[in-house]
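**Student:** So the chains spell out like this:
Number of protein chains: 2
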Amino acid sequence: MGLFMDVHTVEGGVSRDDVAAAHEKDLATQGAHGVSYLRYWVDEQAGKVFCLVEAPSAEAANTVHREAHGLVADEIYPVSEHS
Amino acid sequence: MGLFMDVHTVEGGVSRDDVAAAHEKDLATQGAHGVSYLRYWVDEQAGKVFCLVEAPSAEAANTVHREAHGLVADEIYPVSEHS
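Sequence order for the protein chains is A and B. Quick note: the first sequence, position 8, residue 7 per numbering that gives the first Met the number 0, numbers continuous. Quick note: the second sequence, position 59, residue 58 per numbering that gives the first Met the number 0, numbers continuous.
Check each hint, because a few of them may be wrong.
What the hints assert, rightly or not - Sample of chain A residues at the chain B side, in silico, Cβ under 10 angstroms: (1) 3; (2) 18; (3) 22; (4) 36; (5) 39; (6) 41; (7) 42; (8) 77; (9) 79; (10) 80.
Hints are computed from structural coordinates only; laboratory data are not their basis. By construction, the Cβ of each residue, glycine as well, lies at the ideal position given by its N, Cα and C atoms.
All chains should be modelled from the sequences, with the hints used to inform the complete structure.
**Tutor:** Listed below in structure tokens is the structure:
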């Protein structure tokens with residue numbers, strides 16, 4: 000399993016409610032793919048969404064987004080977390 | 000206080016050690032500006048660093064990076080966090 004940060008950029012901005020609704024669909028879909036969407040951050044005005052996700056691969060994480068709501072990330076990076 | 004996600008993109012990649020060293024300098028500098036760098040994620044190969052930071056403003060967060068080590072983020076977004 001790996002940790003990934005994905006980045007969505009939505010032209011014209013996004014609403015938290017729309018992102019929350021999409022996230023609920025991710026949660027309902029991810030189990031079949033061994034994926035866990037852990038946390039996400041939203042800038043409504045800039046239309047930016049950052050999703051932190053644990054997944055066997057970037058492709059598996061993307062597949063969940065694709066099957067759940069079709070909004071695949073524009074970028075996805077394998078990351079290590081630090082503090 | 001607001002929550003911000005900043006994004007650094009380093010041509011040619013970054014090492015976790017170099018990012019950790021820069022982060023230590025942020026921690027030593029942030030107090031004077033009322034800023035708290037909370038967590039960060041690194042993709043060494045892509046040269047991507049995502050920093051989650053609590054700050055009175057984006058400019059205050061940037062100022063800490065600038066004074067600590069000069070590596071100001073390429074992008075910074077005010078975000079809300081969800082899970």
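**Student:** To test your reading of the hints: which numbers does this structure violate?
**Tutor:** Of the numbered hints given earlier, the structure breaks none, since each of them holds.
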